[in-house]
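Q: Please work from the sequences and hints to get the whole structure.
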Amino acid sequence: MRHATQVAAIVAAAALGLAACGSSDTPSSGGTADGTQPAAAGDKPLMVGMAYDVGGRGDQSFNDAAAKGLDKAKAELGVKGQDAAATNGEPESAREERLQQLIDAGYDNIVAVGFAYAPAVKKVAAAEKDVKFALVDSTDAQGPNIENITFAENEGSFLVGAAAALKTKTNHIGFIGGVETPLIKKFEVGYIAGAKKVDPDLKIDVKYLTQPPDFSGFSSVDKGKAAAEGMYQQGADIVYHAAGGSGGGVFQAAKAAGKWAIGVDSDQALTADAAVRDVILTSMIKRVDIGVFDFISSVKDGTFTPGEKVFDLKAGGVDFSTTGGHVDDIKGKLDDFKQQIISGEIKVPSA
Amino acid sequence: MSTRFDARRILRAIAAPVLAVVVAVVVTSLILAAANDPVGQVWSVILSPPKPRVVAAIINAATVYYLSAVAVAIGFKMNLFNIGVDGQYRIAAFFAALVAGQGWLPGPLNVLLGLAVAVLTGGIWAAVAGILKVWRGVSEVISTIMLNAIATFLVALLLRKAALEPGGSNIVQTKPIPESSRVPGFPLIPGSSREIYGLVILAILVGIAYWFVLNKTRFGFDLRATGASETAAVASGVNVGRMVAVSMIISGGVAGLVGMPLLFGQDYSYGSTFQPGLGFAGIAIALLGRNHPVGIAFAALLWSFLDQQSNALQIQAGVSDKLVLVIQGVIVLSVVIAYEIVRRANVRLEQRRVAARLAAEAGTPLQGARA
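Chains D and R, in that order, give the protein sequences. Last residue of the first sequence: 351 (the working numbering), numbering continuous. Last residue of the second sequence: 371 (the working numbering), numbering continuous.
Read the hints as simulated data drawn from the structure, not as lab findings. Where is the CB? At the ideal position from N, CA and C, for every residue including glycine. Misleading hints may appear alongside valid ones.
What the hints assert, rightly or not - Pulled a few chain R residues facing chain D out of the computed Cβ check, cut under 7 Å: (1) 57; (2) 156; (3) 272; (4) 274; (5) 314; (6) 315.
A: Pasting the structure below:
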């Protein structure tokens, strides 16, 4: 009995430790004294509560892109903001509670970052009719006070897929998805379509880190690293990740192997750890910041409209980054693809 | 004499958890201080009385944790370490959702069918580990970890085949359970619109059954005997192999029930947002509650109380939500250390008492004979 208890204690502590480690490589500043931004002089500032997905502010990716939108609104519109992040494995009630507590604290405009918030937004928005909600990446909750911010991730992924195909020397590239959901599938499908457009015979490895309902694949640096190491050893020389905070591990593996990686959501050649920035070929930028800022400014000037708002290539909602100059030589070709997608000449599949 | 003994036993039972919580508070405070976080504010936020709707959320989360911890505790009592509760409850919840979603039976009968499917699935999944241990001597620690991974992929695969996938939606889920088979909640908490899961009753029944079987039946005695000393159990005629298989299956069956309050009281389907990680929380809670049916209840409440405070910590005290994970981890470690300290202290006290009595007997043999 005592022996089993001791083994159990060690494993339980290790499991908890790992859960904490999953995101400890990122500076966990989720919700530091951001709420103390001085308001614009005069009238009461607009209050915006941000409920982040697993990983929170500091994931150098999806959540950070959303945070950037809030930070811009703080600087330009004088809004008052408050951060709160999800933990992996939390009950559904914790998400509802997060939204509710932000509302209780006076933040009557709520940005819910990530589709996992859809059921919580649906419930809370129905009860809190005076509060305006923006739900990023999901149309599963709709209502007169909900704006659904979505992106054409497949179009942006098409461009970085084409970039990978043009740049690979081994004719072998890879894709790492954080969690196998229809949303992340959209990245994969676009990436493969872009790569095959350039070279139909290209070999493409695909790997997902976790399966729903386990969402730790978005915040496990170790899992991202292990998966990318495997791909580089198999001969891939460029790996694109759509895995949120786990992408940090992909970059570490690329650095160690002397190969390329492609970032996601933010321009990661600017946001990743300084030590690994030089391995980032390009990033598929998903301008969550534009979506978030657009929502806040629409509330501010009274033009808020509920319903889905798609930020595609045409609207500047997705793009590829050129930081570091690694894709300068193929930029002309990529811009051609971009024009063809915008004009409708190329139809990028989404599923 | 007997009342004094009881008092000492209760004191001993309470001393360790209290010591553990105190150590956890001290260690966490040191971590906070080292990180330059507002120590006083953090504790005042954590210890502030929760709002009615939060109380309801705490009880709901604790209900689910309780079932998970009892499933783990059944194994512990037998010296079996069922890490597989996590996989068992997920695969069980999936099949229960799949079957109940079809609505083959009307109303409450459909709920009972769902529960039966869950117990059966959880039991079968755990039986694999039990049989491997009995027949091939495979450590259940290893096999249940492997089975967790297999359960994850199996459910993901089947979910993709069985699930409804509304166009453009990111949420993949099974067909929702018909309205008539949803278990209504109890509006127990005044001032809160959030109801307590109707299946909280299931958790209470499982707790009572756990206590009864363990303490009042031949099976429970054999189980505890085998856990305490396998050789002694064999000598007294217990079929250890059979006990291992059966207790593993029962543990898995209870694990199957873990997701049921969520399924019938909140989500009504199994999908990508179904709560993960309950099995691992169960291990920690069973340890904290010393495998005791009432102890586990308190541990589950403490655990979900801390969970719920993580939002307030971020919003009101401005510290990272990860802090709650740190506190929970420190509590588990302190609990084990505290139990060991208290156990050793007890052994030493016992030895001293016996030694004193022996010394007294040696001095005055006549009195010793009378005692």
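Q: Next, verify each hint and record whether it holds.
A: To see whether the hints hold, each was checked on the structure:
With 7 Å as the threshold, the beta carbon of residue 57(R) comes within range of chain D, its nearest partner Cβ sitting at about 4 Å, so the hint holds. Hint on residue 156(R) holds. Least Cβ distance to chain D is approximately 4 Å, under the 7 Å limit. This hint holds: residue 272(R) has a C-beta 3 Å from the nearest C-beta of chain D, less than the 7 Å allowed. A hinted interface residue such as residue 274(R) counts as satisfied when its beta carbon comes closer than 7 Å to some beta carbon of chain D; here the least separation is about 4 Å, so the hint holds.
Among the interface hints, the one on residue 314(R) holds; its C-beta lies about 4 Å from the nearest C-beta in chain D, closer than the 7 Å criterion. This hint holds: residue 315(R) has a C-beta 5 Å from the nearest C-beta of chain D, less than the 7 Å allowed.
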